[in-house]
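**Q** Following the hints, put chains B, C and D in place on chain A, whose structure we already have.
Number of protein chains: 4
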Amino acid sequence: MSKFSLFLSIFLAGSLLVHAQSDNGVLRMDEFRSSKKRDNIIIPDVGGYHTLKCDFHMHTMFSDGLVWPTVRVQEAWQEGLDVMAITDHIEYQPHSKDVIVNHNRPWELAKDMAAENNIIFIKGTEITRATPPGHFNALFIGDASGYVEEREDNSKDKEAISKAVEQDAFIFWNHPGWKVSQIEGSYEWVDFVDELYKERSVHGIEVFNGFGFHKKALDWCVDHNLTVMGTTDVHNVIGYDYNLGEIVHRTMTLVFAKERTEESVREALEAGRTVAWASKYIAGKEEHVENLFNACVEVSPAFHSKNDRRYFEVTNNSDLYFEMNLKEGDGTAGIVLFPRSKQVITAGADQQNLTYEVGNAFIRSDKNLIVDIPLK
Amino acid sequence: MSKFSLFLSIFLAGSLLVHAQSDNGVLRMDEFRSSKKRDNIIIPDVGGYHTLKCDFHMHTMFSDGLVWPTVRVQEAWQEGLDVMAITDHIEYQPHSKDVIVNHNRPWELAKDMAAENNIIFIKGTEITRATPPGHFNALFIGDASGYVEEREDNSKDKEAISKAVEQDAFIFWNHPGWKVSQIEGSYEWVDFVDELYKERSVHGIEVFNGFGFHKKALDWCVDHNLTVMGTTDVHNVIGYDYNLGEIVHRTMTLVFAKERTEESVREALEAGRTVAWASKYIAGKEEHVENLFNACVEVSPAFHSKNDRRYFEVTNNSDLYFEMNLKEGDGTAGIVLFPRSKQVITAGADQQNLTYEVGNAFIRSDKNLIVDIPLK
Amino acid sequence: MSKFSLFLSIFLAGSLLVHAQSDNGVLRMDEFRSSKKRDNIIIPDVGGYHTLKCDFHMHTMFSDGLVWPTVRVQEAWQEGLDVMAITDHIEYQPHSKDVIVNHNRPWELAKDMAAENNIIFIKGTEITRATPPGHFNALFIGDASGYVEEREDNSKDKEAISKAVEQDAFIFWNHPGWKVSQIEGSYEWVDFVDELYKERSVHGIEVFNGFGFHKKALDWCVDHNLTVMGTTDVHNVIGYDYNLGEIVHRTMTLVFAKERTEESVREALEAGRTVAWASKYIAGKEEHVENLFNACVEVSPAFHSKNDRRYFEVTNNSDLYFEMNLKEGDGTAGIVLFPRSKQVITAGADQQNLTYEVGNAFIRSDKNLIVDIPLK
Amino acid sequence: MSKFSLFLSIFLAGSLLVHAQSDNGVLRMDEFRSSKKRDNIIIPDVGGYHTLKCDFHMHTMFSDGLVWPTVRVQEAWQEGLDVMAITDHIEYQPHSKDVIVNHNRPWELAKDMAAENNIIFIKGTEITRATPPGHFNALFIGDASGYVEEREDNSKDKEAISKAVEQDAFIFWNHPGWKVSQIEGSYEWVDFVDELYKERSVHGIEVFNGFGFHKKALDWCVDHNLTVMGTTDVHNVIGYDYNLGEIVHRTMTLVFAKERTEESVREALEAGRTVAWASKYIAGKEEHVENLFNACVEVSPAFHSKNDRRYFEVTNNSDLYFEMNLKEGDGTAGIVLFPRSKQVITAGADQQNLTYEVGNAFIRSDKNLIVDIPLK
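First to last, the protein sequences are chains A, B, C and D. Its first residue numbered 1, the first sequence is counted upward by one per residue in this note's numbering. Its first residue numbered 1, the second sequence is counted upward by one per residue in this note's numbering. Its first residue numbered 1, the third sequence is counted upward by one per residue in this note's numbering. Its first residue numbered 1, the fourth sequence is counted upward by one per residue in this note's numbering.
Think of the hints as simulated: they come from the structure by calculation, not from any bench. Virtual Cβ for every residue (Gly too), placed ideally from N, Cα, C. Certain hints may be false.
What the hints assert, rightly or not - Covered by chain A, according to a simulated footprint, are these stretches of chain B (three or more residues, beta-carbon under 8 angstroms): (1) 100-114; (2) 127-141; (3) 232-241.
Only chain A is shown next, with the shape it has when bound in the complex (with noise of 0.2 angstroms):
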């Protein structure tokens, strides 16, 4: 582009400004906004199932956190959440002299904004114990009202869980690590929790909360077959807490669900269909996180040879990220996939199948998906 037409724009820009004013003196010197759009986050859906964005875990002015009911709605909605739940403490209000005290409020104040947005507005609540062994999320409650109020007594943590439990309340422990060192030194699956898991009272576990990845809990929910979680557990505005480009989203649950309601969420979440996802990384079960990449992963027939290699194309058909680092055969060492990319891959002339482990893809403690790519 040339000075002139440079110059040029601004006469442009000069036109726009007169016209702005004719008509009452007041310059509007806003132009579009992006921060006024619902994001489309791109993540196809996974064997029949709708791939749901879920983030069950939020706080509010009404307990800790930060911002009025409504806020959270905007935020879930400009960052293309399909479901929400507000979760302030019940047993925590440091807000209390100056907000009056009335658990069912967040929900109140909030429905009406998410229906109008298209967003499934889940009640729930936090059941705040002393830690161990810590606190619950209750999803899918009806009244907020009625719990035990009282935070630091150990004999009344199950009393404070029977509540959710006779809502029919869908629980899951959070944060097991977190505050780990007033446990000495680690975190474990504690005797009370071992209780409510006998007693089918809990049902998942947060694996990623914020940026925090609980690594025991993913074993746990592995081994105990509960629903593995990832919330952001936000206090703060989200973008305080979340604003790390292309490839960090809020941390949240994708859930695969048979439609896109809150019946439907519930009975995924029972079921255990859900995958993790936080910061670039993604966790699960072996069989969720299998499916869930394959949906994402396409890799082309091979579109070249040359030099007895065959190339082929690598699209990652999302917004998840991926990194993979060859395990077996004769193939490119390593790629990353970043969001809605492609790479491109050459494998030796017979090669039938290249094995991959999927570094950023988490299905225990210590061991990421391994995938074999056909090579056509």
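**A** Okay, now just chains B, C and D, sitting in the frame of chain A:
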């Protein structure tokens, strides 16, 4: 970078994981986050005065805003403000069903955080009368209680302002062109404001409110020697309203103060030493806009000559943005000076100076700053 | 994130350093680089055809461009093009003092890289006559040598084109409005082009060339059934000309092809199945623009109703950008559909459909696409 | 912003179209483009010297680079370099089938553009011997012809350098750790370099080459008093290698020069007044790294105290990036100073100073800068 080195990078990232998990089984997946910094907005000091970045109009959930007061401090800190005021509505309390009305609370809740983060936090409030005359902000008040709570009755307008006058507040008229259709197609210098003006009870007017440029207000400020103000009037989280990238910061008032103290801010406001900044535009009294431009923009001596033309480098040493159109002289027709950037202009060999109009710098509603660039 | 965790991050980064240096004393300081990927531009297939992203007009240092031919392949790969042509000038060789003139070399030097990266690379050239008639691109040529080398003599225009005609090239008229001042204030359907048209020797016209929208060319394409083309005509590095972020990609022609093969590209160009895309605008024949819009934009069934209004979600499943203004019906007045995003519209309870004008989609120089949105 | 105002914006954009098309039927669809500016990289002057941003190692298509020489000037201008050298290989001419070999041409073709854009353009070349000893850059040469053209024969190494020595060139050893596997697992201070060193024929070493940190080279520079160099060695377009955003600029040498002239650059290089900058790291001799840090980072007097702790603001007045870890004293454990940003630290009430290690600032291969922060 070859494919091999991409693979190398994967390996390094892998090592990071192994390291991170070693102590307690919780892996932190976050990296350095640039949301956790205070921006250093670069605007030079002007004529021996400190250039302070100020926003004197913000709301919290204590009136009709959507965030807790400390969020306003956090936002101001991140965005590099030196001075802020929370100015919740006295007469408008839509959250009163949930939040206990106390006009002093926003200031009380946020003042420690401001002090610990080196932000000058001025106590203020918004007096919210029916339009016309509309709304007024009062800064440097003491007690925010005891104001008139009723809003619609124009007969109480004077009484509503009086409390602020008694407190020796700095008072400015907010967004005079807002709700303009209610006052028959145009906004005017209304009698009530004229009365305040004559009693020296109004000291400034918002020329920029958010992205609205109230052009008549600039003329009124110039003609009546009132202080030019630019504010966000933010209700939502700031990132929802201002996400426009490099050029557009939040709207603010640049105050040219003797010291970086509350007293000096007041002195400067009373003396009218301000420029308002919104989107890519600035507005103010000619003297201040001109001094600001000259402090920001530097023209080198001729560094080259060719074919009877001399070459000069124009440097924008600030985060402001300038568009310059040639008005007089044999020189480059126009340049855009992006924040912290440079352009080259050329001029005829004998040209002693060039006259440019600064298209984004307003000194009246219909008049832009004219600058004379001496050539050496 | 607390200050403590910031410190933690520092420690982790430190460990990365230690690891990296261990083998040979050279530390690699780069991390994953997103420049090393092929973008997957998301535009759905249309009416059973593959939507191929194509740029048929580029220069290299073998005429007046500034890069080696392989750079054009690299750029095309990064930016997600399926199809490209290098079309250096036959008659204009400003680098001939340093570069040995050989019109076939750009293609020879770049073809292997294109083949190995899954890009359909079409051999072409630019026939560079004086204006008028101006320049023509010939695609699908064989040998690029033996063309008329002289440029200014209009009596050789026909001969210059004849070589391409003999080679059965697909020929399009470039930027017809360029250098418009030389032809007295306007550009016209010149006799020479009319002659070519009658002989079926010109098959398309550039409606978009870089950021220039040659509006008359769109009408000529519609009225004479010529193919609508959009190209970059890039001479510099692509990033110098196109750095405008999320909304603006490089200018291109979207070709609706039966297969992703060179033969199918040709068939589609000859059948005129194209839409040109530049900045945030698209242009083409009504049928194709309409089909493209309908393939990209999806309207949900009503998901909510309130106060006699029904709510619908409008999803943009593409990387294109659309602005929609209501023309008829009781509905939301206007929306902006950013790439891969959603908006909500509302309509009166009994409204069966809404009619919008798509402000950025042109089907004639003075006519925008009108779409009728059925409501369910 | 309400939906209504979005619609308003559409309307304004529409008016822009109407205006733009009026004159000649070609609509310009581009807007202001920030690629058309020279960045003003902010690094303060140090100790009375001008801090010049320099890249002394670049290639063009006249050896094995991929761009025309003027593109290197354009890139340097955009990225805010003060000083540049094109250093094409003498002995390596892979494009010679198409490009006429002439070692002086890159300089001839680019020098006018450099002069017109206020860039100090130093004539240089790369002497490209087999490894070891590898490659050497010679700056401030006159004629680039007449050098040894043969590359592989080590017996001609001395002769190859001699021509540069005769021209009184400033000579530095490039990327000593490159191709390290060829020299059995490690790179060493080879005899040939030792001989040059003793004859004072080598004056600097590349510590940073692209994203490679040759750590031993830093020790050699310190121990032998050679000049620390950082260069891009760019072959491709710069944006392909360096697209990492706010923190990462292209690799460069910061030269502390008496004047902004070629002579002063040479004097500073010979005196060894440099710091190399790559990715988020800097490296150099302790004195210069320390002075640079102190010029960039400013600590305020205590602005607040509370609970026996005093609060200080640390400002990074530069585009550099610093990580600081506490080594000694009762203070904040660590901070990250992003470019042009601030952090707060606290210290015990009686603490007179704090000692930090600057994790990204190297003064030897295994030693970081230690800074002592006085507290007032």
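**Q** Are the hints correct? Go through all of them and say.
**A** Against the structure, the hints:
1. 100-114: holds (count 4)
2. 127-141: Coverage by chain A is violated here, the residue count being 0 at a Cβ distance below 8 angstroms.
3. 232-241: holds (count 5)
Of the numbered hints stated above, the single one contradicted by the structure is hint 2.
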